[in-house]
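Heads up: the protein sequence lines correspond to chains L and G, in order. Going left to right, the first sequence walks through residues 67 to 327 as our numbering numbers them. Going left to right, the second sequence walks through residues 67 to 327 as our numbering numbers them.
In case anyone wonders, no lab produced these hints; they're calculated from the structure. Here the structure is a predicted model, which is why all the values come from computation and not from measurement. Glycine residues also receive a C-beta, built at the ideal position from the N, C-alpha and C atoms. Some hints could be false.
Between beta-carbon pairs, the in silico distance windows are [to be verified]: (1) L/Ser206 - G/Asn129: 36 to 44 Å; (2) L/Pro225 - G/Pro225: 18 to 26 Å; (3) L/Ala273 - G/Tyr165: 28 to 36 Å; (4) L/Thr133 - G/Asn129: 40 to 48 Å; (5) L/Gly199 - G/Ala266: 47 to 55 Å.
To list a few chain G residues with every Cβ distance to chain L over 10 Å, as calculated [stated by the list, open to error]: (6) Glu123; (7) Thr133; (8) Gly216; (9) Gly242; (10) Glu253; (11) Gly285; (12) Val292; (13) Glu307; (14) Lys313; (15) Glu322.
2 protein chains.
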Amino acid sequence: MAAASMDGRVTAAVLIIGDEILSGRTQDTNLRDIAKFLGVHGVDLCEARTVADVHEEIVAALNALRTRYDYVITTGGIGPTHDDITADAVAAAFGVELYHHPEIVAQLEERVRSRPGAVMNEALLRMARVPVGGVLVRSSVTAPPGFNIGNVFTLAGVPTVMRGMLDDVGHRLKGGAVVVSRTVRVEGSGESLIAAPLEAVAKAHPAMSLGSYPFFGEGGYGSNLVLRSRDPQELAATVGELIEALKAAGIEGVREVEPTT
Amino acid sequence: MAAASMDGRVTAAVLIIGDEILSGRTQDTNLRDIAKFLGVHGVDLCEARTVADVHEEIVAALNALRTRYDYVITTGGIGPTHDDITADAVAAAFGVELYHHPEIVAQLEERVRSRPGAVMNEALLRMARVPVGGVLVRSSVTAPPGFNIGNVFTLAGVPTVMRGMLDDVGHRLKGGAVVVSRTVRVEGSGESLIAAPLEAVAKAHPAMSLGSYPFFGEGGYGSNLVLRSRDPQELAATVGELIEALKAAGIEGVREVEPTT
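With the rest of the complex left out, here is chain L (with noise of 0.2 Å):
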């Protein structure tokens, strides 16, 4: 909540929490999911995280981050079995206790009584487990909820779950104004030429962001420009400066494309 706030951006952090992630067994996608949600949010996306189900490295983790950036985002770790142990690790980063929500432990019976041959036990009640300050964060998908204590949201990690509570997040979020991005794509041109010139202008245009993305395959060579700012009029002129100055140095194929994102 403090440095990062102070020149008027809104922050924020991805841990992603879990050994599953780390052995390679599993490929993230909660991460881009969130990128873009964020960015629709006006929120910056600055860091992230991937760590394993330690409960030292999450605690230590989420530390570090929930006191640098203005919101963070946990996904994985909030289900029934021994190895899901975020929710502790919150409690113990916040140094609160964990309860049982009775909201959480109501569906969960009400899942059992519909689910022949389901029973209460202990392992269930670990997903009601919540800490002490804790609110809810409602999946739109049949799921328990996740949690948000603080500047953090714990969500689960199974993807449609976690895009289903996101959907609950949204709107506690208090976000700064949205980052829109637009595309110039160069075609036969290498990076090398086109450095110059796009260096020329994203120096002239500190606030914004200017990155190239190359791309070579069947389609033929180059780079898409990306030009990212919240300020579209600011914006729109540089777009139209960065084709002009690629044009003045001598590159062709040059046009605004539809931004990939």
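Since the structure of chain L is already known, use the hints to place chain G on it.
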């Protein structure tokens, strides 16, 4: 090189560098590829971080990770444009200067000669910059090399080029015993029923990693229980114990399947 090695494990972290990951424009796939690669070499991937194209952020993350883990692999930010600042950050972290490596310069000159209209310029030469004391990491894909300095390997961000560079990393790693995984699949029972026998077996084998990864969808529901160990004998015995414990708890639909990783 310090604490993490004391238990005999060889450890690593991945540092992903690039605004395009944090904006959601690009789906990272390098982390999973590197995770699998390290697993094959008996190196434990313990943490991953993603940071923006900001010098101070890259330097801080590099110094945090390289002092804690045996190896750090970075991806991204070694192209020719102004936002490619990884070499600068690695040099700053190690307190050394950058220089133009003659082998890369020669490779770039050869490339310029072979492409009509291409010219050697300052941007292209950026890709030849290597920290003093660094050695090259060549890619089997046609591209300028990355480099290795101390315990840090600096690789490209483009996945095909990055994978080509990993071929030149493996022989430099001092790996530990390789972790082997086996998977027990439970169909038709939720995690809440699996949790108690799974936890009992996990507690009896503290040196092993036992994780539960639920699935639901077209193919029914259940969970994949993944057992990971450096000791193939303990692994085999534990697979047997787990299957017995699940059956003793009245759980049906239990069988070993081919591990996905």
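Hint check results:
1. L/Ser206 - G/Asn129: 36 to 44 Å: holds, 42 Å
2. L/Pro225 - G/Pro225: 18 to 26 Å: Given a distance of about 21 Å, which is inside 18 to 26 Å, the answer is holds.
3. L/Ala273 - G/Tyr165: 28 to 36 Å: holds, 33 Å
4. L/Thr133 - G/Asn129: 40 to 48 Å: At roughly 19 Å between Cβ atoms, asparagine 129 of chain G and threonine 133 of chain L fall outside 40 to 48 Å, so the hint is violated.
5. L/Gly199 - G/Ala266: 47 to 55 Å: violated, 33 Å
6. Glu123: Violated, since 7 Å does not exceed 10 Å.
7. Thr133: The assertion about threonine 133 of chain G holds, with a minimum of 15 Å to chain L.
8. Gly216: holds, 22 Å
9. Gly242: holds, 15 Å
10. Glu253: holds, 14 Å
11. Gly285: holds, 15 Å
12. Val292: Check fails; 7 Å does not lie beyond 10 Å.
13. Glu307: For glutamate 307 of chain G, whose nearest Cβ neighbour in chain L is about 15 Å away, the distance exceeds 10 Å, so it holds.
14. Lys313: Fine: 16 Å to the nearest Cβ keeps lysine 313 of chain G off the interface.
15. Glu322: holds, 16 Å
Violation of the numbered hints given earlier is confined to hints 4, 5, 6, 12; the remaining hints are satisfied by the structure.
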